[in-house]
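All chains, full assembly: derive it from the sequences and hints.
Here the protein sequences come in this chain order: A and B. The first sequence begins at 1 in this note's numbering and counts up by one. The second sequence begins at 1 in this note's numbering and counts up by one.
Because the hints were derived from the structure by calculation, they are not lab data. Positions of the beta carbon are idealized from the N, C-alpha and C atoms, including for glycine. Hints should not be assumed to be uniformly reliable.
Coverage of chain B stretches by chain A, computed from C-beta distances (three or more under 8 angstroms per stretch; other residues unrestricted) [said to hold, decoys possible]:
no. : segment
1   : 36 to 45
2   : 202 to 215
3   : 333 to 343
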Amino acid sequence: MKENRRDFLRKATLVAAGIGLSPTIIKASSLGRGGHIAPSDKITMILIGSGGQGRGDMMDFLRMNDVRVIAVCDVDDAQSARAKKMVDDTYGNSDCRVYKDYREILEKEDTDTALLALPDHWHAIIGCAVANKKIDIYGEKPLARTIAGGRAIVEAVKKNNLIWQMGSWQRSQANFHKGAELVYNGAIGKINYVEVGLPDGGHYVGNPPAMPVPEGLDWNMWLGPAQKVPFRGVLHFHWRWIMDYSGGQLTDWAGHHIDIAHWGLGLDRSGPVQVEGSGRSNPDGIYNVPIEYDFTCTYANGIKIRVANQSKLKTGMGTCWYGSDGWLHVDRGGKIEASNPDILNEKIGRNGKPLYKSDDHSRNFIDCVRSRKETITPADIGHRSISVGLLGEIAIITGQKLSWDPDKEVFINNDMANRLLKRPYRAPWKFPA
Amino acid sequence: MKKIKIKSMQVIIPFLIALCLFSCSKRPDIDALLITGQNNHKWQGSNVVIKSILENTGIFKVDVAQSPGQGRDMSKFIIDFSPYNLVILDYNGDEWPDETKKNFVSFVETGGGVVVYHAANNAFPGWKEYNEITGLGGWDKRDENSGPYVYVKDGEVVRDDSQGRGGSHGPQHEFVVETFNPDHPIMKGLPDKWLHVKDELYSQLRGPGKNMEILATAYADEKYKGTGRNEPILLTVRYGQGRIFHTVIGHAGGKEMFYPAMECAGFITTLQRGAEWAATGKVTQKVPEGLPTDTETVRWEYYEKMDMDIIRARISDYEVGKTNNCFIALKDMFKENIDDPEKIEEYHNLILDILQSRKASKEGKKILMKDFSWMANESYIPVYKDLSADEDLKNEALYALEMLD
Numbered sequence: 001m002k003e004n005r006r007d008f009l010r011k012a013t014l015v016a017a018g019i020g021l022s023p024t025i026i027k028a029s030s031l032g033r034g035g036h037i038a039p040s041d042k043i044t045m046i047l048i049g050s051g052g053q054g055r056g057d058m059m060d061f062l063r064m065n066d067v068r069v070i071a072v073c074d075v076d077d078a079q080s081a082r083a084k085k086m087v088d089d090t091y092g093n094s095d096c097r098v099y100k101d102y103r104e105i106l107e108k109e110d111t112d113t114a115l116l117a118l119p120d121h122w123h124a125i126i127g128c129a130v131a132n133k134k135i136d137i138y139g140e141k142p143l144a145r146t147i148a149g150g151r152a153i154v155e156a157v158k159k160n161n162l163i164w165q166m167g168s169w170q171r172s173q174a175n176f177h178k179g180a181e182l183v184y185n186g187a188i189g190k191i192n193y194v195e196v197g198l199p200d201g202g203h204y205v206g207n208p209p210a211m212p213v214p215e216g217l218d219w220n221m222w223l224g225p226a227q228k229v230p231f232r233g234v235l236h237f238h239w240r241w242i243m244d245y246s247g248g249q250l251t252d253w254a255g256h257h258i259d260i261a262h263w264g265l266g267l268d269r270s271g272p273v274q275v276e277g278s279g280r281s282n283p284d285g286i287y288n289v290p291i292e293y294d295f296t297c298t299y300a301n302g303i304k305i306r307v308a309n310q311s312k313l314k315t316g317m318g319t320c321w322y323g324s325d326g327w328l329h330v331d332r333g334g335k336i337e338a339s340n341p342d343i344l345n346e347k348i349g350r351n352g353k354p355l356y357k358s359d360d361h362s363r364n365f366i367d368c369v370r371s372r373k374e375t376i377t378p379a380d381i382g383h384r385s386i387s388v389g390l391l392g393e394i395a396i397i398t399g400q401k402l403s404w405d406p407d408k409e410v411f412i413n414n415d416m417a418n419r420l421l422k423r424p425y426r427a428p429w430k431f432p433a
Numbered sequence: 001m002k003k004i005k006i007k008s009m010q011v012i013i014p015f016l017i018a019l020c021l022f023s024c025s026k027r028p029d030i031d032a033l034l035i036t037g038q039n040n041h042k043w044q045g046s047n048v049v050i051k052s053i054l055e056n057t058g059i060f061k062v063d064v065a066q067s068p069g070q071g072r073d074m075s076k077f078i079i080d081f082s083p084y085n086l087v088i089l090d091y092n093g094d095e096w097p098d099e100t101k102k103n104f105v106s107f108v109e110t111g112g113g114v115v116v117y118h119a120a121n122n123a124f125p126g127w128k129e130y131n132e133i134t135g136l137g138g139w140d141k142r143d144e145n146s147g148p149y150v151y152v153k154d155g156e157v158v159r160d161d162s163q164g165r166g167g168s169h170g171p172q173h174e175f176v177v178e179t180f181n182p183d184h185p186i187m188k189g190l191p192d193k194w195l196h197v198k199d200e201l202y203s204q205l206r207g208p209g210k211n212m213e214i215l216a217t218a219y220a221d222e223k224y225k226g227t228g229r230n231e232p233i234l235l236t237v238r239y240g241q242g243r244i245f246h247t248v249i250g251h252a253g254g255k256e257m258f259y260p261a262m263e264c265a266g267f268i269t270t271l272q273r274g275a276e277w278a279a280t281g282k283v284t285q286k287v288p289e290g291l292p293t294d295t296e297t298v299r300w301e302y303y304e305k306m307d308m309d310i311i312r313a314r315i316s317d318y319e320v321g322k323t324n325n326c327f328i329a330l331k332d333m334f335k336e337n338i339d340d341p342e343k344i345e346e347y348h349n350l351i352l353d354i355l356q357s358r359k360a361s362k363e364g365k366k367i368l369m370k371d372f373s374w375m376a377n378e379s380y381i382p383v384y385k386d387l388s389a390d391e392d393l394k395n396e397a398l399y400a401l402e403m404l405d
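So, in structure tokens, the structure goes:
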């Protein structure tokens, strides 16, 4: 059954190619959006991690006529109930199945795709488990909590020949695409320096007391490979401020503005050779991620990328490339500015090298699931983007100037720093083989 | 023979120090309650900072009462103050229930101590007794009906009944805090003038100002939109049998991530002394060395001066709810001295001692295994293995062991 559906998808690609579409732009309309297609032609999808981000992402797919969400999974019954209601309300039935354990949904459901929106500390285990079931994945950024975890996902995706779309949706926004493409094509000359501003700080929670676990939440499963700690009311969204689960704003946003910086530099499949910097975490309370951070990565070609919380940078949030002929700054809210406005009117000439174009990040994933072509943000690119954030985190933890081998993905002559490429898992969870 | 002696001394000395720290530190004898939970400032951070500043003296034990959030049902926020000698106010928000108000006033009347911190003097403009307890206040529609402006002009206390708003401050800046009452126990031995770290200079405070003594002032320079007069910075009030210490400094900003004004050695020292006086009528603490001068600010970024003994004591006593500064300070020392093998060995020995100490807290050991195992060496392995036999520490010990794999 599954093989047949995949065969069908591959044939659909040939048809699409046959009618002369550009290889990187698959028009959604040609693949049935708004058209009439039989249910069997629909791409099936499951959602694992049905919190706010997962449900928000799922909304895009619920709007697509050629996608069918069939089941949702969450360790918190309240969250999965919300997701099921969204699905059932959309389809006008009560068919959406609900699971609490990702192993069970993978065992019982036959699906083409999975949408993963989990706390970072779960990414490597579940990402690899889903990939090894040969299911295409739309995965929320960052790719993983650790560099080793990200590498494991990249290898699993490659081995199983899967489509992966990283939730780095800024790539599918016109201003970011235009900015990166101009920089990539030399509109501001030779680049020597980039500033990436990410959000300040984090949130405060102080020291909430241990409290009863809410009904319907499997707290031990939520913790999974992380250390066992009492429940202190920190759950959805706010897990991001605790190092066991995330690296804070830095690792949350690395998959956006660092990703865009790499894209414009054409370095999104490589990494720096050196990193150093500093940060401060809050002395008060259980939130312990760096809330001030400022580090610089140097690449083999000499380009430096400085990443810092926005208050430390003149340009604030976003990505600002500095070249021999000027600067160009992109940020959320459609922002694109340059040292000289004429730069923004430049066209990529006949010999220009256009960057991958997508106007709709979610649609790009589904189109690629059908076409079997690479998405705009495949797993290995997502890995390189978050790696910069994680290298910065390790530089902050160690306080050392670190030399990095981006091919082998190890620190050179620094065993201690190399220990931080991975976080040990709590039994019985094992790092994906 | 000699060799053995040195070796055994190396083992014993850390234990002697640890023993001393435990046996020398008396049980804290001032039970304090800090009230927080609503404020136009970052109470989530400031309450932890104040708690640690006071507990670091060894004479206070501070509980924290956190109110419901703003606009929530306050009716269950009933506080019994009777177990406490001291109440610290870090609260500026919704009205307390009548019973809590009544209990508070009677606590002060019958001799309880109070510390009024920064924006706590903005709270409850309509609650007469509260304003008599704080002495002076500002904002929230305070005006001539709240009481006179009180300030110092030409060395004299002025009570000024003129009309106008209560409470103002210009942009934050460094300013000199000047002792006005050098004989008060809180002020004895402190520098006459010290430069405070950049902070809000509360001005135009007004209130009943009864039974009030100004201990220190600062000149509110017109250059910073100031009043051009010496505004009270530290003051005391007597209410019934109760003693109140009121400090208007130590702003913890809503958007800021750290609170430099609370790191000021002058703020910390006067808070510690003022709190003891409010609770007991005496100040037994020695004046610390290294306080700011009239031209140099001094910031204690960990809210105290850290050395190896302090770090050892704080980590050994660590529980969730205390500051993480002892761990941050140790990490900073590691980073700063990474190229100094002697110092690094000293830090390793400290960590190993605490990990092996029976008296050190388990929560402290957990953090030492989680956050410091990446820098560990082979000598930690048997220690981690021992700790993995403890059910409470097993996960962290296995984590640390795997880190070294």
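Notebook entry, point to check: What hint numbers does the structure not satisfy?
Noted result: 2
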